Amino acid sequence: MDASLDEELTALEAASDTATRARELAQERIVLAFRSQLEGAGPGPSDADVQCFARLALVEKALQKEVDSMAEFMGRERLARAPETVQ
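Each residue of the sequence shown is one higher than the one before, starting from 1 at the first, in the numbering used here.
Just to be clear, a hint being listed does not mean it is correct.
DEER-style ranges, computed between Cβ atoms [stated by the list, open to error]:
hint, residue 1, residue 2, range
1, L25, E66, 17 to 25 Å
2, A15, D49, 17 to 25 Å
3, E28, E66, 38 to 46 Å
4, E39, E7, 23 to 31 Å
5, L58, L38, 38 to 46 Å
6, A15, S36, 28 to 36 Å
7, R21, A48, 14 to 22 Å
8, K65, L25, 18 to 26 Å
9, L38, A71, 16 to 24 Å
10, A14, F73, 12 to 20 Å
11, A41, A3, 28 to 36 Å
12, T10, D47, 48 to 56 Å
Quick caveat, the hints were computed from the structure, so don't treat them as lab data.
Every value quoted in this text rests on a predicted model; they were computed, and no experiment measured them.
Cβ atoms here follow ideal geometry from the backbone N, Cα and C, with glycine treated the same way.
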């Protein structure tokens, strides 16, 4: 298969992995804010935090679709995703 397609798939996979890590960080920030609120030590997550999480989840899902489509086009199997991946 064309080396440029391999490179493109590798770049898409890296972008997808980065999007997943960014979404997980935003999710953790929200969880910590809720925990702080339940303990009476903070106001909870901001609307901006929740909106950021939602945008990151959409980007993550779109990149995962792109990776899957390109891998299918190239005739490659994708490994099963971890269960914590946004579906």
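Hints, verified against the model:
The given range of 17 to 25 Å is respected by L25 and E66, whose C-beta atoms sit roughly 21 Å from each other. At about 22 Å, the CB distance of A15 to D49 agrees with the hint of 17 to 25 Å. At about 25 Å, the beta-carbon gap between E28 and E66 misses the expected band of 38 to 46 Å. Taken as a hint, the range 23 to 31 Å is violated for the pair E39 and E7, whose Cβ atoms sit roughly 48 Å apart.
Between L58 and L38 the Cβ separation comes to about 28 Å, which falls outside the hinted range of 38 to 46 Å. Hint check: A15 to S36, Cβ distance near 32 Å, so the stated range 28 to 36 Å holds. Here the CB-CB span from R21 to A48 is close to 19 Å, well matched to the stated 14 to 22 Å. Between K65 and L25 the beta carbon distance is about 22 Å. The supplied range of 18 to 26 Å therefore holds.
As the Cβ distance of L38 to A71 is approximately 42 Å, the hint placing it in 16 to 24 Å is violated. At roughly 18 Å, the beta carbons of A14 and F73 sit within the given window of 12 to 20 Å. Distance hint check for A41 and A3: the Cβ-Cβ separation is about 54 Å, which falls outside the suggested range of 28 to 36 Å. Between T10 and D47 the Cβ separation comes to about 36 Å, which falls outside the hinted range of 48 to 56 Å.
Of the numbered hints listed earlier, those contradicted by the structure are 3, 4, 5, 9, 11, 12.
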